[in-house]
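S.K.: Below, each chain spelled out in residue letters.
2 protein chains.
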Amino acid sequence: MGQPMSAAKKVLFSRIALIGIGLIGSSLARVVRRDGLAEHISVATRSKETLKKAKALKLADSYSLDPAEAVRDADLVMLATPLGAYGDVAKAMAPGLKPGAIVSDVGSCKESVFRDVGPHLPKGVHLVPGHPVAGTEHSGPEAGFAELFDGRWCVLTPAREADAEAVDKVAELWRRAGMMIERMDARHHDQVLALTSHLPHLIAYTIVGTATDLGDALKREVFKYSAGGFRDFTRIAASDPVMWRDIFLKNKDEVLDVLGRFTEDLTALQRAIRRGEGDKLEKHFTRTRAIRRGVIEAKQD
Amino acid sequence: MGQPMSAAKKVLFSRIALIGIGLIGSSLARVVRRDGLAEHISVATRSKETLKKAKALKLADSYSLDPAEAVRDADLVMLATPLGAYGDVAKAMAPGLKPGAIVSDVGSCKESVFRDVGPHLPKGVHLVPGHPVAGTEHSGPEAGFAELFDGRWCVLTPAREADAEAVDKVAELWRRAGMMIERMDARHHDQVLALTSHLPHLIAYTIVGTATDLGDALKREVFKYSAGGFRDFTRIAASDPVMWRDIFLKNKDEVLDVLGRFTEDLTALQRAIRRGEGDKLEKHFTRTRAIRRGVIEAKQD
Numbered sequence: 003m004g005q006p007m008s009a010a011k012k013v014l015f016s017r018i019a020l021i022g023i024g025l026i027g028s029s030l031a032r033v034v035r036r037d038g039l040a041e042h043i044s045v046a047t048r049s050k051e052t053l054k055k056a057k058a059l060k061l062a063d064s065y066s067l068d069p070a071e072a073v074r075d076a077d078l079v080m081l082a083t084p085l086g087a088y089g090d091v092a093k094a095m096a097p098g099l100k101p102g103a104i105v106s107d108v109g110s111c112k113e114s115v116f117r118d119v120g121p122h123l124p125k126g127v128h129l130v131p132g133h134p135v136a137g138t139e140h141s142g143p144e145a146g147f148a149e150l151f152d153g154r155w156c157v158l159t160p161a162r163e164a165d166a167e168a169v170d171k172v173a174e175l176w177r178r179a180g181m182m183i184e185r186m187d188a189r190h191h192d193q194v195l196a197l198t199s200h201l202p203h204l205i206a207y208t209i210v211g212t213a214t215d216l217g218d219a220l221k222r223e224v225f226k227y228s229a230g231g232f233r234d235f236t237r238i239a240a241s242d243p244v245m246w247r248d249i250f251l252k253n254k255d256e257v258l259d260v261l262g263r264f265t266e267d268l269t270a271l272q273r274a275i276r277r278g279e280g281d282k283l284e285k286h287f288t289r290t291r292a293i294r295r296g297v298i299e300a301k302q303d
Numbered sequence: 003m004g005q006p007m008s009a010a011k012k013v014l015f016s017r018i019a020l021i022g023i024g025l026i027g028s029s030l031a032r033v034v035r036r037d038g039l040a041e042h043i044s045v046a047t048r049s050k051e052t053l054k055k056a057k058a059l060k061l062a063d064s065y066s067l068d069p070a071e072a073v074r075d076a077d078l079v080m081l082a083t084p085l086g087a088y089g090d091v092a093k094a095m096a097p098g099l100k101p102g103a104i105v106s107d108v109g110s111c112k113e114s115v116f117r118d119v120g121p122h123l124p125k126g127v128h129l130v131p132g133h134p135v136a137g138t139e140h141s142g143p144e145a146g147f148a149e150l151f152d153g154r155w156c157v158l159t160p161a162r163e164a165d166a167e168a169v170d171k172v173a174e175l176w177r178r179a180g181m182m183i184e185r186m187d188a189r190h191h192d193q194v195l196a197l198t199s200h201l202p203h204l205i206a207y208t209i210v211g212t213a214t215d216l217g218d219a220l221k222r223e224v225f226k227y228s229a230g231g232f233r234d235f236t237r238i239a240a241s242d243p244v245m246w247r248d249i250f251l252k253n254k255d256e257v258l259d260v261l262g263r264f265t266e267d268l269t270a271l272q273r274a275i276r277r278g279e280g281d282k283l284e285k286h287f288t289r290t291r292a293i294r295r296g297v298i299e300a301k302q303d
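Residue numbers (the working numbering), protein chains in the order written: chain A, 3 to 303; chain B, 3 to 303.
Incorrect hints may appear among the rest.
Since copy identity is lost for identical chains, a pair holds within one copy or between any two.
Calculated pairs, DSSO-like style, for lysine-lysine (alpha carbon to alpha carbon, straight line, at most 30 Å) [what the hints assert, rightly or not]: (1) LYS93 / LYS285; (2) LYS12 / LYS125; (3) LYS93 / LYS54; (4) LYS285 / LYS254; (5) LYS171 / LYS125; (6) LYS100 / LYS221; (7) LYS254 / LYS57; (8) LYS55 / LYS285; (9) LYS282 / LYS60; (10) LYS282 / LYS57; (11) LYS282 / LYS221; (12) LYS93 / LYS282; (13) LYS282 / LYS125; (14) LYS282 / LYS171; (15) LYS285 / LYS221; (16) LYS285 / LYS54; (17) LYS57 / LYS93; (18) LYS221 / LYS12; (19) LYS57 / LYS12; (20) LYS254 / LYS282.
No wet-lab data here; the hints were simulated from the structure. Quantities reported herein were computed from a predicted structural model and do not represent experimental measurements.
Extracted from the complex, chain A is given alone in its bound form (with noise of 0.2 Å):
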């Protein structure tokens, strides 16, 4: 846009500290190393075998098992974890924790960081909950890539009273990572990515354990005909079970809230298939069409 190249390439952080470094956390630590983000990235992981490999692959400057040493002196703190652990790690990570930090995260819902991680912050420490929505089925710190964040959206939930500076580096990493920014209140995050993303893993992990209940002879025509639909759904249930485990834990009053809803239009479906109501069944797949078009239009093909 004008600007020089070193403008593009502007320190936003001394220091980062990431918390842990799978799929998300290590294509961020990618993204940051790439345009010189950070003069300095840490990374805490909880297991040793994690670490070592976030170290083979020089993801980051320092490596550390103890949270509270990672995010020591730490301008911005991105947890990266399963949710499931957010809590154990701000209580572990607070004592380590500057004035004027910034801890955010990448978690697929957002009310519940409030409860886990908000509670354990030190005062003058600004939380800033964030949400990048992309991913794929891979995951650890070897399935990472720069361009994972690239046109997708990232959405920030923090408090309606939060630091307004805060809120605006977070914004500006994610920024720099190639996302467009939204920001939301926490519960109504949590509302549309039950729909868009968490009940159509549920259903995913659903319809494929379907098929391993079959017998062998019967799963292997399964894999040979699965071209049909079936594979979409096997890479979307291929995801990494520990994350997805703690979503439907974190998120579980917006899941079973939309899983009623969708149950409901099941058994509709359901119905007119067995009552051989042709029309409705034509009038309700031409109306899912145009949502398609959508999705197009929004540019999330």
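Following the hints, put chain B in place on chain A, whose structure we already have.
M.R.: Positioned in the frame of chain A, the structure of chain B alone reads:
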């Protein structure tokens, strides 16, 4: 394989009649043209508009709105209309069929072909139902392309006593289109496809329908954040409404059966979420991950 080019281009049929020229029919027409597999392609459609499109695309050598005219002198008649039209088409074309002609089809369920088409065929005409398991969410003659079938499976479900030569000729046609061939009992086909294709489509239609009932503001958000899983469902739910209406009506029993098993499994996961049973969820999600490997190993990814 050491054969001269002319062998690969050998004519298989002197005259092929395609009844219906949507995604599958027009893709097959393109294969037949590309590889010179027939001396003459005739096409019949129910709608004038589709016939006009097929003409404009030069997909055939002759065009008709009358199935009996289109099938005259054909060695192979390929039904490629929605399943619900098979009965009427079979009745209408029967007077035009020559003795020894082969009647095949491309429909997604196969028991109904015996019910709907079989009784109308004159003695000496061979019925070889088939299902090329390939497709996209697009429909119509302009959506077809010759490579659609490459590397996918084609299931043939002729009766046990079917003419072996007729079965071989249909198999060879699909082989030339790049497909791998499997012979199967029609009922068994319908069971396997109910799970790998019909149920995934029903689910996708349902979940996308659940979203269409939302208010406009929320709907726009669903589009925006669809990258989290939902967009894969919208692609599936954009498939041809009439084709899918007919599949669910024609394969009703198998679809309802597999839907019953799916609903049981979904209810179990729902209960695990409600009760906060993380172990159960994680165990389930770990099992489904293994299925993805099965699909990749079957090269249907």
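S.K.: Now tell me, hint by hint, if it's right for this structure.
M.R.: Verification of the hints:
Taking CA atoms no more than 30 Å apart as the test, LYS93 paired with LYS285 passes between copies only; the shortest distance there is 28 Å, against 53 Å inside one copy. Proximity of LYS12 and LYS125 under a CA criterion of 30 Å is satisfied intra-copy only: 29 Å inside one chain copy versus 81 Å between copies. Taking the closest pair of Cα atoms, LYS93 and LYS54 come within 30 Å of each other only inside a single copy of the chain (24 Å); across copies the shortest separation is 70 Å, beyond that limit. When the C-alpha separation of LYS285 and LYS254 is checked against a cutoff of 30 Å, the pair qualifies only between copies, where the shortest distance is 18 Å, while the shortest distance within a copy is 32 Å.
Proximity of LYS171 to LYS125 under the C-alpha cut-off of 30 Å is restricted to the intra-copy arrangement: shortest distance 19 Å within a copy versus 78 Å between copies. Taking CA atoms no more than 30 Å apart as the test, LYS100 paired with LYS221 passes in neither setting, with 54 Å inside one copy and 41 Å between copies. Proximity of LYS254 to LYS57 under the C-alpha cut-off of 30 Å is found in neither arrangement, the shortest distances being 36 Å within a copy and 55 Å between copies. In the homo-oligomer, the alpha carbons of LYS55 and LYS285 lie at most 30 Å apart only across protomers (25 Å), although the nearest pairing inside one protomer, at 52 Å, exceeds that limit.
For the identical chains of this complex, LYS282 and LYS60 are neighbours neither inside a copy (57 Å) nor across copies (36 Å), given an alpha-carbon limit of 30 Å. In this homomeric assembly, LYS282 and LYS57 never come within 30 Å of each other (Cα to Cα): the closest approach is 57 Å inside a single copy and 33 Å across copies. Taking the closest pair of Cα atoms, LYS282 and LYS221 come within 30 Å of each other only across two copies (22 Å); inside a single copy the shortest separation is 33 Å, beyond that limit. With identical chains, the CA atoms of LYS93 and LYS282 are at most 30 Å apart between copies only, with a shortest distance of 27 Å across copies and 54 Å within one.
Proximity of LYS282 to LYS125 under the C-alpha cut-off of 30 Å is found in neither arrangement, the shortest distances being 58 Å within a copy and 38 Å between copies. Proximity of LYS282 and LYS171 under a CA criterion of 30 Å is satisfied in neither setting, with 51 Å inside one chain copy and 39 Å between copies. In this assembly of identical chains, LYS285 and LYS221 lie within 30 Å of each other by CA distance solely across copies; the values are 19 Å between and 33 Å within a copy. In this assembly of identical chains, the alpha carbons of LYS285 and LYS54 lie at most 30 Å apart only when taken from different copies (26 Å versus 55 Å within one copy).
Taking CA atoms no more than 30 Å apart as the test, LYS57 paired with LYS93 passes inside one copy only; the shortest distance there is 25 Å, against 71 Å between copies. In this homomeric assembly, LYS221 and LYS12 never come within 30 Å of each other (Cα to Cα): the closest approach is 53 Å inside a single copy and 37 Å across copies. Proximity of LYS57 to LYS12 under the C-alpha cut-off of 30 Å is restricted to the intra-copy arrangement: shortest distance 25 Å within a copy versus 59 Å between copies. Taking identical chains as interchangeable, the C-alpha atoms of LYS254 and LYS282 lie at most 30 Å apart only when they sit on different chains, with a minimum of 15 Å there against 32 Å within one chain.
The earlier numbered hints that this structure contradicts are 6, 7, 9, 10, 13, 14 and 18.
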